[in-house]
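Novice: Using the hints, position chain B against chain A.
Chain order of the listed sequences is A and B. Read in our numbering, the first sequence has 59 at position 63, and its numbers run on one by one without any break. Heads up: take any position in the second sequence, counting from 1, add 21, and you land on our numbering.
Mixed in with the good hints, there may be bad ones.
As the list claims (entries may be wrong) - Below, simulated EDC-like cross-link-like pairs (lysine to aspartate or glutamate); rule was C-alpha separation at most 16 Å, straight line: (1) B:K374 to A:D104; (2) A:K177 to A:D104; (3) B:K374 to A:E101; (4) A:K100 to B:E414; (5) A:K70 to A:E28; (6) B:K426 to B:D441; (7) B:K286 to B:D276; (8) B:K325 to B:D409; (9) B:K120 to B:D92; (10) B:K325 to B:E401; (11) A:K100 to B:E365; (12) B:K352 to A:D51; (13) B:K460 to B:E411; (14) B:K460 to B:E414; (15) A:K43 to A:E9.
Said to hold, decoys possible - Taking beta-carbon pairs under 7 Å as the criterion, some of the chain A residues facing chain B (in silico): (16) H58; (17) D60; (18) M97; (19) C108; (20) N112; (21) I162; (22) R165.
No wet-lab data here; the hints were simulated from the structure. Cβ coordinates follow ideal geometry from the N, Cα and C atoms, glycine included.
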Amino acid sequence: MRAYTAEQYELSEMLTLLGNLFRYSVDTLSEETTVNRELQYIQNYVKLQQLRYDDLFSLHLHCDVSLGNCKLSKMLIQPIIENAIVHGFSSLAQHGRIDVMVYKENADLKICISDNGGGMESAQLETLISCLDNELEFSGHVGLRNVHRRIQLTYGKTYGITIRSILNRGTVVTLTLPLQKETNHE
Amino acid sequence: MNKTPTILIADDDSQIRRGLQKILQNHFSQPLEIFTAENGLAALHLMEGDVIDLLITDIKMPLYTGLDLLDEIQRKKYHVRTIVLSGYQDYALVRTAMKHGALDYLLKPLDLDEFVRLVRSILIQLHQRNLPESSPATLTPYIQQEFIRRLTQTDSEAFLALCQQYGLSAGNPGSIILFDRNLFHQQIGFEDFLHLIRETLSSIPDTSYACGQTKEYIALCVFWTNPSSFNQDAFIQSTKPLFIDDQFHLNFAFDTIAHLPAQYKQLQSQTESWFYDLALDSEPAQQSLEELYQQIILCSVGHKAQQAVTILHQLFSHINASKPSRSQVSKIIFDLFDALMQKESAFIRIIGKYKLSNFDLPTIITQSTSLSQMKTQISEALYAYIQDYEEAESLQNEHLIRKAKEYIKQHYMDNLQLQDVANYVHLHPNYFSSIFASKTGTTFREYLRKIRISHAQELLCHSDQKIYEVATSVGYKETSHFNRAFKEVTGLSPKQYKQLHSNQLSDTID
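Chain A with its partners taken away, still in its complex shape (with noise of 0.2 Å):
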């Protein structure tokens, strides 16, 4: 409050989105949330990063209707748009540009996120996608790592991430997650 009356609007907004971010990953004691829950997160999260960033990218959701109310773990989607923010744009001349896409293929929940920002070398990226799986030797990539083992603790091995870079083209990662659609009160 002091800081809205003291007219510093933009400090004021960022203490506002990081109460909801605090909320949202405190809120209740069970891991699992809704799709549009999620992606309220994410915007928030976003919105956060952009007045701290000086809008150097944008964020594009882009969600089947129906899929809304399916359900998902906590906070799967917050660490790769991190990654994207942090890795991809660090060295953007044009305006970057994440969309998060979430449809459904066959009985799968899919979830892409794409950012158009530095890529990766394929070396590069083979080193990532082989640490992903590895679970005895630490290596960076802790994020990441840390989505797809969540992911497949949870829903089994069919689960899980992928991810494709074209250097100086971006990076894509894709959640596959079962189809869990939020128990009708009907």
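Specialist: Frame of chain A; chain B shown alone:
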């Protein structure tokens, strides 16, 4: 005679020493003799007798720093070429190192590609040692690239530092010319053009140049090493072969080297006009962007791929006529596809599936160097999306109709209405009725009646149910309705059918 190049790595961090040694061994197939030293003093010792060709040194080392080392090298007049590694983006320090004779500097953490490129260019120089010593007119490709890089990053301080290093004082005359890259795609290659530049400029006394390319254009910087030999008319006369077409180059009058970065900035903003290479329509589209969006989206969801592409072309004519900024063009196209996904969520999956392929929107939109290129590629992408959409929808419909048929087979005995089945597959009754007819070749009512009557035939033959009972068990409330339907389907009344069947015993009329 070719002796093996000798390289000395001086750094107090043993990991860096080992790392660099490995990188050099892995990236160069030619034999290299590599030495390492953990401080400046040890390095100096190894350089005794001017035996090292290339020195790669850290600045901050205990006892004897890299700058001390550079001083001593200058004092002893060694011919070693030096690359300085620095952990700090400290221009003052870098400039001092350059003044002390360093050839170039690289920041830690090291950009591997940049490092390898630099070493390679130095090895090539070493190989051509018989050529005249780095006079500005024979700037190596690497150094040329470095000039252009600093210029395009509009880092004028770094640009001027480099000029100074090569003896080009800020007051000397210079000029920048930008050439449209699209021209080179179509007509001549970059290498040919470089050759042409070399040929042309070599005849002009006391000049040197740097040439490099970006995604959109080729930049040529010309410098005069001796201001008194600057002759504008003579220069224009002798460089005529470079200017193939007036449309494809941009430059200002000549200026001093100090002003080149500012000039470049202005030129660069003008290159946006090259982007608009479509012919102007005699009658540009009258519709607003919003209207064009709506039409394209309508055709897309209506499976009219060809028509959608035709209207997309009108959208591009609209853009070509109004010439918004390059980033605005990107936004217009992105907005169109965002709206399409908003309207029909099936496109989310399709567009997502094409990520990083030839039909990837961000790639096309941001990498296109001309509007015509963008128009062609976006048209192809849209066409592919619509075809996929059509295919997916057709598969989806087949699946729904299968589900509907199963539902009908399970519920024909109830008072089943079109509405019920449509609800079951989540479709509007009218829409359901039309795709049902197109996929099965029969209407919902006819299909339901056939199912009911065939079950009735079974019951009439194989049960003792009375006709009115049969009618109820297959879903007819009124026996009269049942009778009429039965006759229409089989040609016989239920009564006749039952009699005929019991007469013929085992035979059933199908």
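Novice: If a hint holds in the structure, say so; if it does not, say that too.
Specialist: Okay, the hints, checked on the actual structure:
1. B:K374 to A:D104: This hinted pair holds, its Cα atoms lying about 14 Å apart.
2. A:K177 to A:D104: holds, 11 Å
3. B:K374 to A:E101: holds, 10 Å
4. A:K100 to B:E414: Holds. K100 (chain A) to E414 (chain B) sits at ~13 Å (cutoff 16 Å).
5. A:K70 to A:E28: Between K70 (chain A) and E28 (chain A) the Cα gap is close to 6 Å, so the pair holds against 16 Å.
6. B:K426 to B:D441: holds, 12 Å
7. B:K286 to B:D276: Measuring from Cα to Cα gives roughly 14 Å; hence the hint holds.
8. B:K325 to B:D409: holds, 12 Å
9. B:K120 to B:D92: Given pair K120 (chain B), D92 (chain B) holds - Cα atoms ~10 Å apart, limit 16 Å.
10. B:K325 to B:E401: The hint holds at about 14 Å.
11. A:K100 to B:E365: Holds, at roughly 13 Å.
12. B:K352 to A:D51: Holds. K352 (chain B) to D51 (chain A) sits at ~15 Å (cutoff 16 Å).
13. B:K460 to B:E411: Holds, at about 14 Å.
14. B:K460 to B:E414: Roughly 12 Å between the alpha carbons, so the hint for K460 (chain B) and E414 (chain B) holds.
15. A:K43 to A:E9: holds, 9 Å
16. H58: holds, 5 Å
17. D60: At 4 Å from the nearest chain B Cβ, D60 (chain A) passes the 7 Å test, so the hint holds.
18. M97: Holds, because the Cβ-Cβ distance from M97 (chain A) to chain B comes to roughly 4 Å (cut-off 7 Å).
19. C108: Check passed: Cβ of C108 (chain A) comes within 4 Å of chain B, closer than 7 Å.
20. N112: Constraint on N112 (chain A) satisfied, holds at 4 Å.
21. I162: holds, 5 Å
22. R165: holds, 5 Å
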